[in-house]
Structure formats: C-alpha cells, structure tokens
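S.K.: Assemble the dimeric complex from its two separately framed chains, guided by the hints.
Keeping their order, the protein sequence lines are chains R and B. In terms of our numbering, the first sequence is residues 1 to 284. In terms of our numbering, the second sequence is residues 1001 to 1348.
One or more of the hints may lead you astray.
As the list claims (entries may be wrong) - Here are some, though not all, of the chain R residues that point toward chain B, as calculated from beta-carbon distances under 8 Å:
{"no.": "1", "residue": "N86"}
{"no.": "2", "residue": "Y99"}
{"no.": "3", "residue": "F104"}
{"no.": "4", "residue": "D105"}
Calculated from the structure, these hints are not laboratory results. Even for Gly, the Cβ is constructed at its ideal location relative to N, Cα and C.
Residue strings, one per chain:
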Amino acid sequence: MLKVKELYHSYTNDDRYAVQNVSFEIQRGEIFGFLGPSGAGKSTVQNIMTGLLKLQRGDVLYEGKSIKNISAKFFNRIGVSFEHPNLYNKLTGYENLKYYAGLFDVPTDDPMRLLDMVGLRADAHKRASAYSKGMKQRLVFVRALLNRPDILFLDEPTSGLDPNTASRVKDIIISKKEEGCTVFLTTHNMFVADELCDRVAFLNEGKIVTMDSPRNLKLKYGDKSVKVEYMHNNAVNSRIFFLDDERDRKEFNELLDSREVQTIHSQEATLEQIFIKLTGKGLK
Amino acid sequence: MLKRTLNLMKQDSKVALRNYFHLVILILAVLMSLLINFAIPDEVKLTPTELFFDNTPGKAFQEYLISEGVDPDRFFNSYEDLKSAVRKDGSSLGIAVEGELDRARVTIIHQGTESEEILNLLDATIESALDRVRGIERESNHRVEYLRSKSAPVSFNKNTIPIIVFMEAIMLGFLLISVMVFQEKEEGSIRAYRVSPGGTLEYILSKAAVNMGLGVIYATLLVVLTMGFRVNFPALMVLVALSSFFITMLGLAVSAFFRSLQEFLFVGVFILSILSFPVGSYYSPAFSPDIVTWLPSYPILFGVREILFPTGKTGFITSLNLLLIAESLGMLLFSYLVVHRRLMREGR
Ligand SMILES: Nc1ncnc2c1ncn2[C@@H]1O[C@H](COP(=O)(O)OP(=O)(O)OP(=O)(O)O)[C@@H](O)[C@H]1O
Ligand SMILES: [Mg+2]
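Same shape as in the complex, but just chain B (with noise of 0.2 Å):
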C-alpha cells in the first residue's frame, strides 16, 4: 500500500512536471509578489476626493482645512470651477461653502454613486469642521476601547497577501486535480489503472500528496518573496497542506461527476466563486453574513491572515487546523465514494 502509493506520487509528479505546473507556480510567485512590492500602493484611499469651493467672506473654511494639511490644489475659486473639476474626476466630491459663517449654506456636487451613508458622513464631517472653524468646541464623548492590544496597522499591499496565499496557492488545487483527472481520463490511463491491484484510496491519496506539495510550495515561495523570513513558516505550511487537500478532495470529488473539463469548468468555477466569498468579508468586515461566514474557505482565509500577520488570537489557528482536520477526513470519504463509483466504474 504505502510502496505503491509513493510509486504512484513519483508518477504524478512526473507528469505535474511535465504539465509545467510547477512552472506556472514558480512564475505566479514572482510575478504576484513582484505585484504586491511594487505596483499595489501601501495605502488606499477609498472614499472619494473632495474638492472645495469656499464663498464666505475672508475664506476662513479654506484657510482653516489648509492649516490641518489639505492640498491647496483642492480649491476652486467659482462654483463653476469645482463644477468643471468634479465633472472630470469620477472618483471626487465638490463641497461649495456660502454665505456668512454662521449661517453657511453647504452644497455638495456629488456623481451620484455615492452611497446615502457617505454622503451623511459628509454633512457630519463638514458641520463639524465649520464648528471648528466657528470656534465652537464640542465636548468629545466618545472614547476609543481595543479587545486585544492595537496591532500595528497592516499596509494596503501586505494585506493582499493573505489572498492571494488563499486563492492561488489553496484554491489552485481545486483546477489542478481536476485537470489531472480529465488528462488521465481523456488517455485512458485510470482504466490501465483499474486492472492493477492499485486501489481508490491510493490514487486519491497521491494525487492529494503532489497539489499540498505544489500548495505549499507557492505559498512559502510567495510569502518569502513578499514578507521575508520572519513568519511562522511551519504555521503557514500547516495550514495551507491542511486546506489545500480539503480543497483538492473537493475538486477530485466534482470533477468525478463530469466527463471532461469543458463540462466541469462551468460549474468548477462556479464552486470557486461561492468559496472566494469570505474575500469580500476579508475587505468590508461588515460583510459577513452566516452564509459566507459557514463556508469552509472563510476560517482558511482568516487563519492565513492570523499566521502571517497575528493579533493573538493562539487558539484559533490550533482550532481552526484541528476543524480542517475533521472537514478533510469528512471530504475524504465523500471523494473515495465518488470517485470508487463513479470514475473507477466506468463503462469507457
């Protein structure tokens, strides 16, 4: 058993080689951390640019938001003038102060896709200021409390990490597994295999072995390549071996009910896209509904973000291997079924 089935992982590597998958890996690598080095921005502004328009007399909003640091650029000095400037930058605001200060009235040009919360936002934003600007001060009643002690704030790039660890080196083996089976059913070789003593488990087991292999190898390539040396590595590798064959027992299992990769691919990529649901909630916390939160990738995609950028939550990661144990164990059964019935019992 044990013989054959490194016999068998000797053979599926070979022919993952000789596919290039190991190439494909390889150039991802480079390429996605080349990506988050250089061409992903460290920071983000993800609300739109105001420009301003200020009409009272003596300016004193103006020179107010100049003092706290906002770019001179960002003032018209007609009302058509910001009209104009908005107009040609989809992504900005105009905010057209007039009349005396005390009683301004507040325009705002917007394009009109913006949310009704930014735009309430706004208006608080800006009576605030103008309270400022007024010398009102407002006693501040608000007070800020951390569950666990503030973690140094992760840079817009640094944060994609963890996706495209869970999306490329984890869900890969969702696409990889199936081509492997569709070549070998496509040449016939599975029913070559089907009259040796080789059994089901063996061929699963093998093929799971080469894409953790090919999983964990992306992975610590791309989190060297883009974080250096100072991550737990042996959490990380942990991790991704445990998801990506959960992950590649899925894929065995699906891609047995289909007769060829153009009839699985609709569907592949459909299960795909269910299960790359947790990176919305990865960007908006807000948007985690139970269905998203249910799906087995969305402990995976926060347990990478934990390894490689921890808040201390130990427990977790231990919990989470431990359920995607259970999970493998469980999806292991399905795909032996699937696959014994199914694709070592047919006709052609």
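Pulled out of the complex, with its shape left as it was, chain R reads as follows (with noise of 0.2 Å):
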C-alpha cells in the first residue's frame, strides 16, 4: 500500500540529516506507529510523506506511485492531521470544517456529527481563536477524518487531551482501522503507541531503530526485566534491570548486596524501557 525508501533529509541541504535512511513498508489496513524522542525526526518524515516538505533522497511510493508524480485527486483519498493546529481562527468550528470539506471532490461526512465525535458540539459555533489547546486539536483530528480518507496520517493526535478524551480519540482510530483505513501515527507517546499500532518503528535521531510490532518487541528486547525500588540518600529509587544485559546483572547484584533494597518485581517491559535499552534515552 505504501512504501517508503531510503529516505534522507536535510534541513539545511547538507549533510546534518534531520531523517537518514529511513525505510518501512504499510500494509492496507494497518495502524503503523513512529515512536520517538522530540527532535527524533517523526514530523520530518510525515511532512515528507504527504507532500509538505520536498523529497530530497529516497523516495515514497502509493501502490507503486512514487509520490513525485501524485496528482492533486490523490488528496481526496488522504487525511492529515497536524501537530501544531493550523485552522482559521477568525471561523467557527463548524465553519472550519465545512470550508475544509468544500475543498474535496468526493462526499464528505457531516461536519456536527465528526464534532460531536470528539466532544465539541456545544462549542462547534464558537470561533477556533477561543478554542483551548485540546479542543483544536481536536478540531484537526476531526477534519482530518472529513473526506473518509484512506490513508490517515495523525501527527501526535492524542497530545494534550485529557484521559477521557484521548481515549475517544483512540477509539475513532480504531473504528477507522476497521474500516479499512491505513493509518500512519507519529507519537512519543508509549502507551497509545502500544495500545493502536500493529507495527512500530523507533526512531532516535532520524534513524530508525527498530520496528515490529509492539508484542515482538517485547518479546524481543524486554524479556527478563525486574523492578527495583530501593532507599538511596533516605528516598525512594526506583529501577529497572535488564538481566540479560551484563551490566545491568552486574548492577542488579550490587544494589542486592547493599541491602538497601525494599521491593522486587519482575514485569513486562513497556516499549519505553526497550526504547531507552536500545538507545540510552527517554520518549520525553
């Protein structure tokens, strides 16, 4: 469905690359997760790939068609949506949305019901301006959804929102998954990474990784993993080792040997602590 290849790109056009290499494949249907520190080069690529940013090296193909030779039909079939929200703030909500749908050749939803969706019917005559940080991105989320895209490109879609909401918003991720959409979702977000993707990619200063899914990569990387709590300067530290890395064993032992520990926990890791096993840093 889609494919992207040894993709590289430089801000500055030279040879301080921003993404390097980058190359995976998406299957119709599938929910396919870039996970990464900020700065890691997510928005870079997803840029690249709808055709915001130019494509210097390497190159992304749409069932074959490389998007250099895309027509401007090839934007009825797609929805993005962004991660700084970019709307008419002297319009409505509501307004937003039917201008946005106004643009698109094929039919599109009910601009209310794709508000009620998300939770911003009372506020859908309300100008954006006064909108908080969530609800337009809401807002985005949702216009990205208008024209029943195929392919969904979602650029931190659950940032900023509060449980309840962002749970509704995975929920719609997921029902636009079985409906057949191909979903691509950029996060440093661990959690909405594991609970929507299929497949992961992690990407740590504009390389990727590794990428599977989320269930492989645990069973990959994050097997034999203990939680350590332990009093260290009268508080409490919390740690975990990964018993098959020598040092961390190494370690492990030591804080045994000190007796300052309290508790002990083996557990599955969470694709956060696979992420800093493989790279040495945090998602934040």
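M.R.: Quick look at the structure:
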C-alpha cells in the first residue's frame, strides 16, 4: 500500500540530516506507529510523505506510484492531522470544517457529526481562536476525517488531551482501521503506540532503530526485566534492570548486596524501557 | 474547480468580514467623502499672496490694483509695515513700488523659498501692470487654442476624488492581500490547504475576487457620496475591478517572498510609494518623466479621472482596459509561479 524507501532529509541542505536512511512499508488497514523522542524526525517523515516537505532523497510510493508524480486528486484520499493546530482562527469550529469539506471532490462527512464525536458539538459555533489547545487539537483531528480518507496521517493526535478525550480519539482511530483505513501515527507516547499500533518503528536521531509489532518487540527485548525499589539518601528510588544485559545484571547484584532494596518485581517491559535499552535515552 | 473556488471565496470573504475589512472601507469612504465635501476648499491658491506698498506720487498703482479687485487690506503705508507683514505670513510676498511712475523702482521682498520661475513671472506681471497704469497698451499677440472642446474646470476638492479612488480603492488591495496571506501563514491554515485537492490557481483567484469586490464597493460608495449618481458607474467599476486585480496579484507575488508582515512592510510601502508617483503628475502635469508614465499605475489614475470627469478621450478607457487585462494576465502568471513555488512549497 505505502512504501518509504531510503528517505533522507536535511533542512540545511548539507549532510546534517534530520532523517537518515528511513525505509518501511505499511500494509492496507494497518496502524503503523512512529515512536521517538522530540526531535527524532517523526514529523519530518510525515511531512515528506504528505508532500508538505520536498522529497530530497529516497522515495515514497503509494500503491507503487511515487509521490513525485502524484496528482491533486490524491489528496481526496488522504487525511492529515497536524501536530500544531492550524485553523482559521476567525472562523468557528463548524465553519472551519464546512470550508475544508468544500475543498474535496469526494463525498464528505457531516461536520456536526464529527464535532460530536470528539465532544465539540456545544462549541461548534465558537470561533477557533476561543478554543483551548486540546479543543483545537480535536478539531484538527476530525478535520482529517472529513473526506473519509483511505490513509490517515496523524501527528501526535492525543498529545495534550485529557485521558477521557484521548481514549475517545483512540477509539475513533481503531474504528477507522476497522473500516479499512491505513493509519500512519506519530507519537512519543508509548502507551498510545502500544495500544493502537499493529507495528511500530522506533526513531532516534533520524534513524530507525528497530521495527516490529509491540508484542514482538517486548518478546525480543523485554524479557527478564525486574523493577527494584530501594532506599538511597533517605528517598525511595526505583530502577529497571534487564537481566540479559551484563552491566545491568552486575549493577543489580551490587544493589542487592547493598541491602537497600525494599521491593523487587519481575515485569513485562514497556516500549519505553525497550527504547531506553536500545538508544540509551527516554521518549520524552 | 468552480465549486471549490466559490467555496474558497465564501471562506475568504468571511475572514475578510471578521477582520473588519468592510468596516475599514465603509469608514474610510465616509470620512473621505466628508473631507472632500466639507474640509477641502473648492479652490486653492498655489502661488503666494502678494502684499503691496505703493510709494509713487498719487498711489496710482494702488488705485489701479484696487480697481482690478485686489483686496485693499493688502496695501501697506510704509516699507517697514510691508516687511513685517511679509515676515508674519509665510505664504506671502512683498512688492514695493517707489519713485516716479515712469522710472518706478520695484523691490520684491520674498521668503527665500520661491522659485526663480515664480519671481521672473512676478516681475513680468508687475511690469505689465505698471504699463497699464502708465496708459501704455501693448498689442497682445497670443491666442489660446484648445485641443478638445473646453471642459468645465473641475473644482479642487472634486479633483481629489480620482486620487482617493486610485490610492484607496485600488492600491489598498496591495496591502489587504498581504494581510490575508500573512494571517494564513501565521495560522498555518495554508499548510492544511496544501494537503487538500485545492490548487494554487483557485487559491489566488478567490483572494483576488474578494479584493476586487472590496475595491469596487469602496470606489462606488465614495463616488456616490461625493459626486452623486451622474457618473458612468459601469465604466468605473470595470476599471477599478481590473486595476484592483492587477495590484492584488502584485501584492500577492511580493508577499510570497516574505515570512511575516513586519518583514514585508518595508518593501511593501516602498513599492506603494513608487506606484503613487503618478499623483505628482496629476497635480503638475509637467512632472511626467518616462519612468513615471511607464508605471502601470499612471494610466490607471488618469483613467479614473477620465471616467469621473470626461474630456472626450473615449478610446483611452477602452485601450486602458485592454492593457489592464493583458497586464493582469501577465501578473497572474507571475504570481501563480511565485505562490506555487514559494507559498505552497514551504517547509513550515
Ligand atoms: N523547519 C525546520 N528547519 C530546520 N530544522 C528543522 C525544521 N523542522 C525540524 N527541524 C529539525 O529536524 C529534526 C527533526 O524534527 P521533527 O520535527 O521531525 O521531530 P519530531 O520527532 O516530530 O519531534 P516532536 O516530537 O518534538 O514533534 C529536529 O532536530 C529539528 O530541530
Ligand atoms: Mg513532531
């Protein structure tokens, strides 16, 4: 369905790449997650895939056709939600959707129904400038759904949302998948990635570190980890040790010897812990 | 394509309304018409006021001038009085005539700001006035011929209407379109547009149409308020619409090179000033160097005047409209390329 081949991108047009040698494939009806810390290059990849950024090197293929030769009609088939809400502030939420719907050549969804789906019905006739950050985020999210797209690009769709609304948004994404929609989702929230994605790619400093289903990643990297709570300087600390890792094992033993340990739990690793293990840094 | 453009126009006009563009235009039109109708005088004397001291025996010069209708208050009884009066009024000139009428000595007290030409002209005028006092009639050997049938002179205040139509109804489009573009850039709404099937041409045409509408409404309103209904409004509307389209395209193309309104403003105001040079030629037709007459704004300004105060140059308006259509198409192509390459291709 969608194939990204050896993508490179430099904002400075030199060899300082924001994205390097990124390749992956997404199957029809799949939710593919891009997980990585801030500045990893997630949005850069999404922007190249949607044509907002110029393709410098590599290729993006939709059903075998390069984005370089794609016509305006293609945009009838995709929906894009942005990380920074970009709305007409002078228009109301409803007007923003109504206007955007008018840009498509294909049947579009009822704006009110979409607003309702993310709890914005009551604020439909307020100006977007009067919306809170989270409300804008939701409006941008449903705007991406207007044309009933085949492919959805979602850049941080749940960031800044309260748990309730975030889970509503997640439900909508899952129902889209069930309708056969292919989803490219960008996030630095490992729970979102874990819950929603069929497969995730870990992106760090512009490069893909690993790529698999969350379950496989956990099986592959996440076995035999223990969470230890211990006293240090009169405060409770906690730390995760991967027992397959020699250094971790040694430090774990040292900690046991120090007798400062309070609790020990063996546990399934989270994607974040795996990310830390693979890159040496967290997702935030 | 058409449906999408109409949708965009609806959206652009809504944003324009919410930006209060229509109010700005309404208030400006009313203010300007008040200015024209009540504040600007019908006539303005552009040459200095002459003050006199006649020290010839019998004050024959003074008598002659008063008989010709010169205000008696403009005569003084001593050279010193005249001098202090000239000093007080910065737009005046003093003329002292002394000695026998036949060999009168004329002294001109001036502010130092008058041009050589004005002083020479004054010299000649005084000399011929003195001649008449002396009873010498000179054979006048000049006659006046008009190129066209003489048209009624346009009063000074009404004469400013074409300038206001030109500067505000037409040139305003240059700034309004940049405000529109920078607002969309700032909001990022243009990025959302770029991932929709909407194209560059529709984007441009919609904005141009809204601006043309505003320009036409403004011009019509202003002219109705100042000149009533005895004007060829269809011709005015066509000319304003075409010119406004052209200027809007120019504004759009220029704005696309800048990131923010602040950065654009300097260059924008510079271009606007250049385009306003023809106003100079309007007031003193002798000021029309090629550079000024070549400006696209030059024929526009004189076209507006021709429509409001016809002098019978009928072919002029038609050829001007044709020229504007050609220029607009050229400018549309240019701004299409610029917008397509820059505005629609930006990284962020
Ligand atoms: N317009 C730009 N000009 C120059 N550098 C940029 C630009 N946009 C992004 N970058 C750089 O490219 C790198 C990747 O940025 P990108 O926005 O893709 O990261 P991200 O993974 O989406 O981060 P976040 O989670 O914060 O959204 C960063 O180092 C960033 O500084
Ligand atoms: Mg990002």
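S.K.: State for each hint whether it applies.
M.R.: Results for each hint:
no., hint, verdict
1, N86, "holds, 3 Å"
2, Y99, "holds, 4 Å"
3, F104, "holds, 6 Å"
4, D105, "holds, 6 Å"
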